[in-house]
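Protein sequences appear in the order of chains A and B.
Going by this note's numbering, the first sequence opens with residue 172, and the numbers climb by one from there.
Going by this note's numbering, the second sequence opens with residue 168, and the numbers climb by one from there.
It should be emphasised that the hints constitute simulated quantities derived from the structure, not laboratory data.
Idealized CB from N, CA, C, for every residue including glycine.
Among the clues, some could well be false.
[To be verified] Residues of chain B clear of chain A, computed beta-carbon distances all greater than 10 Å:
#1 E265
#2 E281
#3 Q287
#4 E309
#5 D455
[Claimed, not checked] Only some residues are given here: those of chain A computed to face chain B with a beta carbon under 10 Å:
#6 D238
#7 F338
#8 P375
#9 R378
[Unchecked claim] Derived list of chain A stretches under chain B, where covered just means 3 residues or more per stretch with a C-beta under 8 Å from a C-beta of chain B:
#10 247 to 253
#11 356 to 365
#12 383 to 389
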Amino acid sequence: MNTKPSAATLEAALNAPRVHGRGVWGDAARRLFRNKAAVASMVVLAVIVLLAVFAPWLSVYAIDDIDWDNIQAPPDFAARHWFGTDGNGRDLFVRTLYGGRASLAVGVLATAVSLVIGVAYGSVAGYIGGRVDTVMMRFVDVMYSLPFMFFVIVLVAVFGRNFILIFVAIGAVEWLTMARIVRGQTLSIKRREFVEAAHAIGVPSHRIILRHTLPNVLGPVIVYATLTVPQVILIESFLSFLGLGIQEPLSSWGVLISEGAKVIEVAPWMLIFPGLFLAVTLFCFNFIGDGMRDALDPKDR
Amino acid sequence: MSDIKQNSDGDGAGDSDSDGAGETLVAAPILRVRDLSVEFSVPSADGIFGGRRALTAVNGVSFDLHAGETLGVVGESGCGKSTLARAILQLLPASRGEVVWMGEDLVGHPGLRERRRDLQIIFQDPLASLNPRMTAGDIVAEPLRTHRGEIGRAERRRLVAEMFERVGLSPVMVNRYPHEFSGGQCQRIGIARAMILRPRLILCDEPVSALDVSIQAQIVNLLEDLQREFGMALIFISHDLSVVRHICHRVMVLYLGRVVEVAERDILYRSPRHPYTRALMSAVPIPDPRIERERRRVVLEGDLPSPLDPPSGCIFRGRCSYARSRCAEEVPVLEELGGQSVACHFHNDI
């Protein structure tokens, strides 16, 4: 080992097939796919997403078609109302799938918004530390203390009801927790020696954040993100239930559930089907999140 | 550590080499540290409203380092060895003093990031010093990306492969992740990362104390080989006196953040003057049971005093069997005695 490598051996080594290592992510993925609940959830979730995406082609009815012969009718396979119809004679199957589009879109997009803001904010606050960190995190505390519903109602009053507004409102609340998680993780990571090594090399701060601290906080962040999606879907349902969310004729699971709840005694299918979809989706996300947490848990390594 | 010692005894070439380095030390030093102090602010013990007080981890350390020289820094745990290394690299702010690198004071220097390519560090914990999410190749390539952006991808890969080979790793392993390597291999990756820019100084912060003995010898020999080939200076921090004796030209002994003795290696190991150095030397086990049984040990009593509340005068007096009243009143300064400097009032009487 003490001899200087000859050009020939170096050449041979360079041309030799490289050994590809099992990365931390690769290991985690393998563990995740061994988790039966998580894999089953991913399959079910994929089916729900596909149903929502291909909703227009899956039924003869459109979302606002009114079937005057079948108003608030129970499931009827002859008339191809597989989930029945609502009080206006609209096909509930189509409405549930369309509702899934809205709910899933809100869930994923609002989570993405909160992820981007929260990760950027948290990693900067955690990495810089000191007074900057204190100021940034006290701002988060102040935001936390604002009552969420009040905040949304003010937004709706100012900007009117709007699909985009839901993302903004939910994202604006959800990023706070994300920022706290990322900041805490960054604080512990930046004391590690490899970050010090990067400092000593002279890597600029933004690169240290991007290449060193951020990849190492992503584990808990991804787990929290998968657990945020169902939370956001629930918040959207809640807003829609209160009449602050999605507008007719579009629908979301929250809207459908709220309509169904009013007629639970005479038309239970109006509550059961959208409720079932919502519940199954929430379960799936939670199982996947749990699976990811187990897969990324360093103690398990 | 016995095999390193044997190695050094049998390796005549290594000895003459270090003597040669000693003779050529006429040029200006590449690193000049003057009166360097580092303070930490810690919460004081009396309740949450007690305010904060200063803990002086490194206190007025001064030394010169010449090109190609190896300076050993020894001392027990908590004496400020690692803090000194980090303060030299400006990873920790110095509260006082200057660190002059090639004629420029680094403390508060604006062009510091550029200077960093000449100053590198190797850490104690090999695995913790490597980013678990990056491949070994990316880790070694990072200094190149940072300071030599003009180098293309293919060339960078070639340089990394070359460096892998040079530190005794197979270049086919560049795509592996740190956790797939052993401790010794991780330390080689750390050395490759530190060496790839051909720095003029590498600070080794206990580079071998986390490794087992046979691996220690390999890593120390690797560092020596690299130094012979590339001529960088080393600051070698360790609590292992045998390793320090093997690799260093000069040795600096720290106690509670202060330099108590600096000397050429052979002088220090032959005739330590400071009572603390003597105690350290006598703690080194001798791999011959007969000699080991018969020699008289200097056993230090008591613990390292708290750096929050250091004793007045000589900081060592609480544990020193030669302490007199003058030691409590006057802080001893480093006294030059020809190749050896000692901070003790009574070094002549001991």
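Hints, verified against the model:
no. : hint       : in the structure
1   : E265       : 19 Å, holds
2   : E281       : 7 Å, violated
3   : Q287       : 7 Å, violated
4   : E309       : 6 Å, violated
5   : D455       : 29 Å, holds
6   : D238       : 56 Å, violated
7   : F338       : 30 Å, violated
8   : P375       : 7 Å, holds
9   : R378       : 8 Å, holds
10  : 247 to 253 : violated (count 0)
11  : 356 to 365 : holds (count 3)
12  : 383 to 389 : holds (count 3)
Hint violations for this structure: numbers 2, 3, 4, 6, 7 and 10, all remaining hints satisfied.
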